[in-house]
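Each protein sequence line maps, in turn, to chains W and R.
If you read the first sequence in the working numbering, its first letter stands for residue -13, the second for the next number, and so on.
If you read the second sequence in the working numbering, its first letter stands for residue 154, the second for the next number, and so on.
Keep in mind the hints are simulated off the structure, nothing from the lab.
Errors might be hidden in some of the hints.
Said to hold, decoys possible - List time: in silico EDC-like cross-link candidates among lysine to aspartate or glutamate, alpha-carbon distance up to 20 Å: (1) R/K296 / R/D241; (2) R/K500 / W/E200; (3) W/K116 / W/D47; (4) R/K262 / R/D384; (5) R/K229 / R/E156; (6) R/K505 / W/D113; (7) R/K375 / W/E153; (8) R/K321 / R/E156; (9) R/K500 / W/D113; (10) R/K505 / W/E99; (11) R/K500 / W/D201.
These figures come from a predicted structure and were not determined experimentally.
So you can see what is in the structure, the chains are spelled out below.
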Amino acid sequence: MLSSQDMQEAAAHGRSVKAVYVYEAPVRLWHWVNALAISVLALSGWFIASPLPSQPGEASDNFLMGYIRFAHFAAGYVLLVGFIGRVYWAFVGNHHARQLFVLPIFNGTWWKEVVFELRWYLFLERDPKKYVGHNPLAQFSMFTLFLTTTLFMIVTGFALYGEGTLEGSWSHTLFTSWVIPLFGQSQDVHTWHHLGMWVMGLFVLVHVYAAIREDIMSRQSMVSTMLSGWRLFKDDKP
Amino acid sequence: MVETFYEVMRRQGITRRSFLKYCSLTAASLGLGPAFVPRIAHAMETKPRTPVLWLHGLECTCCSESFIRSAHPLAKDAVLSMISLDYDDTLMASAGHQAEAILEEVMTKYKGNYILAVEGNPPLNQEGMSCIIGGKPFLDQLKHVAKDAKAIISWGSCASWGCVQAAKPNPTQATPIHKVIFDKPIIKVPGCPPIAEVMTGVITYMLTFDRLPELDRQGRPKMFYGQRIHDKCYRRPHFDAGQFAEAWDDEGSRRGYCLYKMGCKGPTTYNACSTVRWNGGVSFPIQSGHGCIGCSEDGFWDKGSFYDRVTDIQQFGVEANADQVGGAALGVVGAAVVAHAAVSAIKQSQNKSGNDKSGNDQ
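Only chain W is shown next, with the shape it has when bound in the complex (with noise of 0.2 Å):
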């Protein structure tokens, strides 16, 4: 459905809207760094936790781990800075911007809309309805699924980060000293954050298969979308 912000945009610029802009460079620039960001966490931390084969030789002449490590400490300071960004350009950005970080559960409406969008998916519905930002089933799982697991892995990564660079160190003052006493123990914070990649996996694997299915299936553009920014229609039917 077009928000009536959006509808008065169309009406600047004529009866049928063929086309808006949605996504802003930042955010465009944001979603496909902050992908990268997380596809070379989940594969490094997937063999932090799971190490490769012994190598041969030295110890001095080897530094896999340390490198491994490296990757995915810098790529997690890659995606916390990505993410401030992207809270900053919220508030600055077009209100598709904002749409990631709030969800309208007060409003009887937006709901009516989740579940017309879930009788979609259902294949209860023939037509599809046009969204210029996020549908709204997309936009609850882009907040619950997205969003506060992004959320929890900052906030536990970088726990475990701080257990290493000791007291003192920003991550050790900001997570370290009270995320590890509210687990308990450290374990259960590399259990938690190690469960936490694999919901993140979950979240990619639908948000991928969904975007090019709605690419496909739907009434406008999806995945071109995040490279020009552009929504295109297809019909001019409301």
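Position chain R against the provided structure of chain W, taking the given hints into account.
Just chain R now, with coordinates in the frame of chain W:
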């Protein structure tokens, strides 16, 4: 007249030279500079011995066994000279009513000035019947003695976290000290058992400086529990290089490679084993070829196998680790996605042919 530490030591036949040696060793083991040696000596020469009452709840006595093997200082010096260990039902000569009488005597004479050391913990179920001391539940004795104590030392993982008797399902409801005593400073010295030198080191610090050692958020002395075993492990270079023992009898194991893949809990365990070591600095588990089991961490019995790196998650009811749970979830959702995609494709082609038909009709 109350004797000072120095007087007692001299009475024991310790020369002044040995006494000063002991002071510098203590300073070194506490991580203090040489400037503190005279301060330690001065404190021991002038301060009266602090009485320590050592209670035993539900425990296995491994803390006591460790304590009496302390090398720096020797347990003999610790018990006979440093502290005035006035009550310890495992070590003391007297028994029965005589022993209990000493408890009351110290509590009145040194009200608010004695240290209470607790080994083990009180069980709360069945009105505490699982641990009876002198005809009464241990919880009664503990609360009674804690009332006038200056500070409490929780010896070992039992007193600090609960340890094996508190492992799931914890039938006796064994409960760590900080969950039954709330109005006294509590120093946790976890480990199963704690390192002997850590135990005597904590006591020496408290006597020397007349204050508690600096504690972390979980109540452990920072000087011994500030870093993980992994951070100071002599096998750490093999970890960073990616060289691991993959089986107990493989080449990597013989070469002394990192035991991470064998489930070593060094990376998640805060203790001083890799620096202070055990039995007078002879060795520690990893040096003897076995991974750390994380005995000084909260709930270490309930964290799955000692030999797994990614350990089991109890919350899921079945024995499964993060990879099994996550893999299963991903598999189910993945299958659902494939099925959904297939149905979508069919629907799409139906819609298309339907649209074509309606187009033809017009």
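So, going through the hints one by one against the coordinates:
A distance of roughly 16 Å separates the Cα atoms of R/K296 and R/D241; the hinted pair therefore holds under the 20 Å criterion. As the CA atoms of R/K500 and W/E200 are separated by approximately 13 Å, the hinted pair is consistent with the 20 Å bound. At most 20 Å may separate the alpha-carbon atoms for a hinted pair to count; W/K116 and W/D47 exceed this at roughly 59 Å. For a cut-off of 20 Å, the pair hint linking R/K262 to R/D384 is broken: about 45 Å separates their Cα positions.
Taken as a hint, the R/K229 and R/E156 pair is honoured in the structure, with Cα atoms around 17 Å apart against an allowance of 20 Å. Annotation: proposed proximity of R/K505 to W/D113 holds, straight-line Cα distance about 12 Å (limit 20 Å). Simply put, R/K375 and W/E153 have alpha-carbon atoms about 10 Å apart, close enough for the 20 Å limit, and the pair holds. A distance of roughly 47 Å separates the Cα atoms of R/K321 and R/E156; the hinted pair therefore is violated under the 20 Å criterion.
In summary, the hint linking R/K500 to W/D113 is supported, as the alpha carbons are separated by about 11 Å, within the 20 Å threshold. With a C-alpha separation of about 25 Å, the suggested pairing of R/K505 with W/E99 is violated against the 20 Å cut-off. For the proposed pair R/K500 and W/D201, the alpha carbon gap of about 15 Å is at most 20 Å, so the pair holds.
Hint compliance for this structure: hints 3, 4, 8 and 10 are not met, and every other hint is.
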